Amino acid sequence: MLIKKGAEANLYLEEWHNRKVIMKQRLPKKYRIQELDKEIRSQRTMHEPHIIHKAKEAGVPTPTIFMVDLAEANIIMEAVDGKQVKQVLNDLSSEERLRLSRHIGELIGRLHNNGIIHGDLTTSNMILTPYGKVVFVDFGLSERSTELETKGVDLHLMKRAFQSTHYKYAKECFEAVMEGYAEVVGEGEAKNVLEKIREIERRGRYVSER
Amino acid sequence: MRSSIASYCLGIESTADDFGVAILSFDGKVLSNANSAYMPEKGGIHPREAARHHAEVAKKTLTEAFEKTEIKPQDISLVAFSQGPGLGPCLRTGATTARALASYLGVPLVGVNHCVAHIEIGKLVTGAKDPVTLYVSGGNTIVSAFEAGRYRVFGETLDIAVGNCLDVFAREAGLSQKKGAPFGAIVEEIARKGKTFVSLPYTVKGMDLSFSGLLTATVQLLHEKNNRLEDLCFSLQEVAFSMLTEVTERALAHTEKPEVLLTGGVAANKRLQSMLNVVAEEHNARFCVVPKEYALDNGAMIAWAGILAYKSNITVPVEKSFVKVKWRLEEVYAPWVEG
Numbered sequence: 001m002l003i004k005k006g007a008e009a010n011l012y013l014e015e016w017h018n019r020k021v022i023m024k025q026r027l028p029k030k031y032r033i034q035e036l037d038k039e040i041r042s043q044r045t046m047h048e049p050h051i052i053h054k055a056k057e058a059g060v061p062t063p064t065i066f067m068v069d070l071a072e073a074n075i076i077m078e079a080v081d082g083k084q085v086k087q088v089l090n091d092l093s094s095e096e097r098l099r100l101s102r103h104i105g106e107l108i109g110r111l112h113n114n115g116i117i118h119g120d121l122t123t124s125n126m127i128l129t130p131y132g133k134v135v136f137v138d139f140g141l142s143e144r145s146t147e148l149e150t151k152g153v154d155l156h157l158m159k160r161a162f163q164s165t166h167y168k169y170a171k172e173c174f175e176a177v178m179e180g181y182a183e184v185v186g187e188g189e190a191k192n193v194l195e196k197i198r199e200i201e202r203r204g205r206y207v208s209e210r
Numbered sequence: 211m212r213s214s215i216a217s218y219c220l221g222i223e224s225t226a227d228d229f230g231v232a233i234l235s236f237d238g239k240v241l242s243n244a245n246s247a248y249m250p251e252k253g254g255i256h257p258r259e260a261a262r263h264h265a266e267v268a269k270k271t272l273t274e275a276f277e278k279t280e281i282k283p284q285d286i287s288l289v290a291f292s293q294g295p296g297l298g299p300c301l302r303t304g305a306t307t308a309r310a311l312a313s314y315l316g317v318p319l320v321g322v323n324h325c326v327a328h329i330e331i332g333k334l335v336t337g338a339k340d341p342v343t344l345y346v347s348g349g350n351t352i353v354s355a356f357e358a359g360r361y362r363v364f365g366e367t368l369d370i371a372v373g374n375c376l377d378v379f380a381r382e383a384g385l386s387q388k389k390g391a392p393f394g395a396i397v398e399e400i401a402r403k404g405k406t407f408v409s410l411p412y413t414v415k416g417m418d419l420s421f422s423g424l425l426t427a428t429v430q431l432l433h434e435k436n437n438r439l440e441d442l443c444f445s446l447q448e449v450a451f452s453m454l455t456e457v458t459e460r461a462l463a464h465t466e467k468p469e470v471l472l473t474g475g476v477a478a479n480k481r482l483q484s485m486l487n488v489v490a491e492e493h494n495a496r497f498c499v500v501p502k503e504y505a506l507d508n509g510a511m512i513a514w515a516g517i518l519a520y521k522s523n524i525t526v527p528v529e530k531s532f533v534k535v536k537w538r539l540e541e542v543y544a545p546w547v548e549g
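From first to last, the protein sequence lines stand for chains A and B. Its first residue numbered 1, the first sequence is counted upward by one per residue in my numbering. Its first residue numbered 211, the second sequence is counted upward by one per residue in my numbering.
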C-alpha cells in the first residue's frame, strides 16, 4: 500500500515474512540515461542504510533495516510503531512538549557529534513510539559532515519546521531543542552552532519576511 | 507612470563579458537590443580587460541602439543599468555610462539586479506568469521561484557555475570558441557523438549543487588519454544536466508552480531542454525556454526590469548608485510581481 509519494522515492507499507515493513523504493527518472539513473539510485540506496546504522552507533534510534536491494533500489525496513511527532506535539501538555523537544535536541546532538547530518529534520521525520522512544526516520538527504555550516543548516531546518507546523510553540520548542543539544555537544559548540544559524538567517536565503 | 506620452527606457548591461544597450517602450516592446561581446584571446574573462573593452565600445553600442530606432536620446525617460551581481570593473563601466546618461538627460536612474532581469525578460518573452526558473550561465546556477515578495533561491551552486564547468573543460581539451559558437555549443556538438557513459561525480546536496569536483574528475580523465573526448563531453553533460534537473524537479514538486522557465547562456543546450521538458510534463507544468537573444546577457532585460521597478516607484539617486558585486537575488524586494 502506497503511503507516501515523494519526489525521489515512494514509501509502501507491506507485509513481509509476517512483519509490518516499510518498503522505500527509489524511482527511475526518465530524464536521465539508464546507466546514470541506476548508479544514482543504487548509490543512494546503499548510502541510506549505512548512515542509519551509523546513527544507531551514535545512540539514536532508527528503523531496523531488513533488506537492501541495490538492483531494484529498494530498502525494506521496520515499520516503526507510533505517531509522528508532528501529529502529537501540539496536543501535549506544556511540560511534556518541552521534555520531548529537549530529548529531540539530545538526539540531534548525538548525530552531529558523530559527524551525521540528517538533512531533513522535520517533526514528520520523527516518530514517538508508545514506549516514549523517539525514532528518527528518512535519512534520504543525510550526509557525513562535521562542519559548523552543515550543522547550522540542519538545525535551522528544524527551527523552520517548528515555525511552520507548530508556530504557537515554535520559540519554546526550539529553545528546548537547543538546550538538549547543548547538553550533548557542550555549551561552547552549541553557542557556535546557534551563531551559525543566525548567520544563515541573515543571509536572507531562508527568510520569508524582512 | 505617465501614460499620455509614450515612455522609453534605455537599459545597460555590463556584468561580465557582454556590453549591451537596449531601448524598450514602457509597455514591453523591444525597439533595439545592441550588444558587443568581449572575446579573450585565450583563457577566461579578465575583469580589467573586459571593462576596458566595455569602455571602448560604449559609444558605438549606444549609437547602434539609437540608430535601430526612431527614438532620440531626448525621448528617453528612464535609464536602467545592471547594478550587480557581477565583475566589479565591468559593472562600474556600465554604471558610469548610465549615470552620465541619466544626469545628462535629466531622467531617473534605476539599478537592476542582473538575476531578476533574466527572470523578468524570460517571463515577458515566453508569457510565463509564475515559473520555477532555472538560470544557468557562465557565472550563475540558480533555481528560483517567487514567494512572498521576492524571488527565492531554492537551490544554487556551492562553487562554480555549470557554464563555467563546461567552459573550463572545453579549454582544457584544447577546443577554441568562435563568434556564434561558444564553448557550450561546441561541447554539445561533440557530446552528440558520445557513445559510452563514463562514471563521474554527481553532487547534489539537498537543493544545492557542486560542479568543481565534476570538472576536476572530467579533466583528469581527459588527460588519461584512453578516454574519448566525445564520451567525456557526453558524460559531463549527462551528469551536470541531471543534477540541474533533479534540483529543478524538487523545487517544482515543492512549490507546485505552473511553469518551468529555462534561461541563461546554457539554456540553448538541447539536451538540457529535453531533460527539463520531461520533468515539466510529469508535473503538468508548461516548459518555457527563453530564446537566445534574451537568454544571454542583454540590455533588453535590464531595461525591462528597470521599467517594472520604476513603475513600483523604485529609483536610485546617482550619488547612491554604487555597484553591488555580490547582490543576491532574494535581497531584491519585487513589489511589481503579483503573488
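Please keep in mind that the hints were generated in silico from the structure rather than gathered at the bench. Errors might be hidden in some of the hints.
[Said to hold, decoys possible] In silico lysine to aspartate or glutamate, EDC-like type, Cα no more than 20 angstroms apart, as pairs:
1. K405(B) / D37(A)
2. K415(B) / E143(A)
3. K415(B) / E149(A)
4. K405(B) / E35(A)
Source: prediction; values computed, not measured.
Hint check against the structure, violated hint numbers in rising order:
none
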